[in-house]
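Participant: Sequence:
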Amino acid sequence: MTTTVAASTPIFWYILAAALALLVPAGLILIGVSGLPGQQAWDSALGALGAVGVVAAVYWMIGFALQFGGIGLVYPQPGLRALVWEWSPLSADWGMGWGMAGLSGWMLSGAGVTALTYGLFLSHLPWVMTATALV
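Quick note on numbering: numbering that gives the first Met the number 0 labels position 95 of the sequence shown as 94, and the sequence is numbered without any gaps.
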């Protein structure tokens with residue numbers, strides 16, 4: 000029986016990596032406001048934190064579902080079997096895996112949401128927040 004490195008790694012390391020990655024948007028915000036005068040820096044930092052918070056909520060509500068709602072069709076992982084509904088402009092004759100937008104996993108709710116689904120969400124949330132902090 001063979002085990003992969005990912006299967007034998009404790010969940011603590013994945014949570015630690017996600018927590019450290021969540022520091023990137025905060026660091027970018029601090030760099031962005033460092034050259035501004037006092038009150039303007041405060042206003043800019045609060046505005047950026049508000050934008051990052053809104054984007055995190057929107058990604059949780061609809062972004063994750065659109066991005067990964069059909070990943071169970073192309074990635075044979077047992078924890079992702081519930082994420083198998085996607086929209087495709089092509090007919091079913093083309094086969095599976097041609098989806099353009101996922102249609103399952105809204106608000107990370109439902110019986111099929113597993114720890115792997117939450118891990119996938121936590122690993123991509125810092126990227127979304129960083130993209131917002133850069134804009």
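Please note that a few of the clues may not be correct.
Cβ pair distances, simulated, as ranges [unchecked claim]:
{"hint": "1", "residue 1": "Q39", "residue 2": "F11", "range": "38 to 44 Å"}
{"hint": "2", "residue 1": "D42", "residue 2": "W84", "range": "16 to 22 Å"}
{"hint": "3", "residue 1": "M60", "residue 2": "A18", "range": "20 to 26 Å"}
{"hint": "4", "residue 1": "A130", "residue 2": "P9", "range": "27 to 33 Å"}
{"hint": "5", "residue 1": "A91", "residue 2": "W41", "range": "20 to 26 Å"}
{"hint": "6", "residue 1": "L133", "residue 2": "I10", "range": "49 to 55 Å"}
{"hint": "7", "residue 1": "L115", "residue 2": "P88", "range": "24 to 30 Å"}
In short, the hints are calculated from the structure, not lab data.
This structure is a prediction, so every number in the text was calculated from the model and none was measured.
Every residue gets a Cβ at the ideal spot worked out from N, C-alpha and C, and that includes glycine.
Participant: Against this structure, judge whether each hint is valid.
Facilitator: A quick look at each hint next to the structure:
1. Q39 to F11: 38 to 44 Å: 40 Å, holds
2. D42 to W84: 16 to 22 Å: 43 Å, violated
3. M60 to A18: 20 to 26 Å: 22 Å, holds
4. A130 to P9: 27 to 33 Å: Check passed, 29 Å falls within 27 to 33 Å.
5. A91 to W41: 20 to 26 Å: With Cβ atoms ~55 Å apart, the hint is violated.
6. L133 to I10: 49 to 55 Å: Roughly 30 Å apart at Cβ, these two residues miss the hinted range, so it is violated.
7. L115 to P88: 24 to 30 Å: 28 Å, holds
Violated hints for the displayed structure, listed by number in ascending order: 2, 5, 6.
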